[in-house]
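**Student:** Protein sequences appear in the order of chains A and B.
Throughout the first sequence, residue numbering follows this note's numbering, covering 1 to 225 in sequence.
Throughout the second sequence, residue numbering follows this note's numbering, covering 1 to 294 in sequence.
The hints are simulated quantities; they were obtained by calculation from the structure and are not laboratory data.
Honestly, I wouldn't trust all of these hints.
What the hints assert, rightly or not - Here are the computed lysine to aspartate or glutamate pairs in the DMTMM-like style, where the Cα-Cα straight-line distance is at most 20 angstroms: (1) A:Lys-46 with B:Glu-200; (2) B:Lys-199 with A:Asp-87; (3) A:Lys-94 with B:Glu-201.
Here is what each chain is made of, one letter per residue.
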Amino acid sequence: MIDMSNVYKTYEGGSLALKDINLHIDNGEFVYLTGQSGAGKSTLIKLLFREVLPDSGQIFIAGRSIIRLNNKETVKLRRNTGVVFQDFRLMENKTVFENVAFALKVLEYPWSEVKEIVPQVLQRLKIADKADAFPRQLSGGEQQRVAFARAVINNPPIILADEPTGNLDPDTSDELMKLFQEFNDEGATVIMATHDKRIVNETRKRVIALRKGEIIGDKVGGWLL
Amino acid sequence: MKLSSWRYILPEPFISLRRNVGMTIAAVMTVVLTLYLCGVFALLVSNINQNADVLESAVEVKVFIEDGINQEQMDTLSAAVKGLPGVASVQYVSRTKGLEQMSEKFGSSEEILAAIDTNPLPNSYTVKAESPEQVLSIVDAVSKLENVQAVRYGQGSIEKMFSFMNWVRSLGTGLMVLLGFSAVILISMNIRLSVEARKEEIQVMKYVGASNAFIIWPFILEGMLLGVLGGGVACILVLVSYRAMLDLLLSSLTFLSFVSFGQVVLPAIGGMLLFGLLLGAAGSAIAVHKHVNV
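Construct the complete structure from the given sequences, taking the supplied hints into account.
**Tutor:** Here it is, written out as structure tokens:
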């Protein structure tokens, strides 16, 4: 499903973000990327939805290199990838319904379908009663659910998450993790950057540990740092 | 892009223009000013063109006759002039009549006339040409005739008029380019503001996989809307001022002919709306190119 070989990434100013990354992730896997801040977790996530490009190396998704894509292919890649961020990135001047509907509008769904799909997803993520609320009126957990709804509304085969529980308390984190698990059970490949030791230890998934831009461990179960 | 997507895109420019009312007004005003001046110059040039024909056809050749020739010689000369190719009419002006015409021209300065004891003017013919191009050949032929003292015609005046028209045209073009340029810049600043205001939306659009067209079109439409708004206002202003000018001048400047109001209406509306649209599209294209990283 996802293959990276000899991937290097340096940001402007010369700081090395990733060094010689080689990894393979199977279809339907649930993978944690762990490591301290600055280890390169976010950069790895960004590479996968082409927010940044590597200096060298190759990245394949579903057998296709994503290094040289034209605009159309980039759009297609992103439509097949749901992304959830630590800071939610909701639009403050739009309601919950509008935030989620926005993703479908952008994907050019007809309005009749948008009206049908959005309430279903909000229902499933247990935020249907907040449909008319604005993000600032919601708790952190609720905001992250809205962001999650927006990411998964068109059932992407890949879900990327960058510290999704970073701003949430343990109980809310667990609720959110259940959602990731649900979509993973339904076949989505989930790749989540986190430094939440508790979650990683409780769920026993494959863990890829990074330090200073290099992979220092890759095995199933347990915290590797 | 799907047809149904326009449902999402079309309302965006209106929302955005409402958000930055100040800048919107500034940009629209610049377009109005630009297009208003363009319109005024276009009308000026087309009226000059129209009158150029009239003025040219009024070109006359003055043929002054030698003093002391007899009636027979006079008749021969008259017939010879009338027989020249390209001559439309020949009118005899006696020296007394000539003086009268002159005193009409310099009506108020009777003192000058009083200072002249004797009439210095010779008898003359006023020859009108069928077309301006024939004036020179007539002058040529007449000056070769006997008993002709001198030939005068509007030397240089046609050339002067044409150079004046060219001057007006290049001044107009220069001004239009300059103003058009500033309109494009102001529109692009306006669009840049709305790009800034919608930065997070654009981010989210990219994350969820919006096509470039979907991201860009609202801004292009916004620019076009600014341009068309400006064009519409300018068009109304131009038509109103032309109407007023016609009302004012038609009665007083009867010797000039004006392009009629009816002839002006459609080209003005079409031209100015289209020009506004293009200015707007250019402005937003610049802003989008510079500030939306798709």
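**Student:** Does each hint hold? Answer for all of them.
**Tutor:** Evaluation of the provided hints:
no. : hint                    : in the structure
1   : A:Lys-46 with B:Glu-200 : holds (17 angstroms)
2   : B:Lys-199 with A:Asp-87 : holds (16 angstroms)
3   : A:Lys-94 with B:Glu-201 : holds (10 angstroms)
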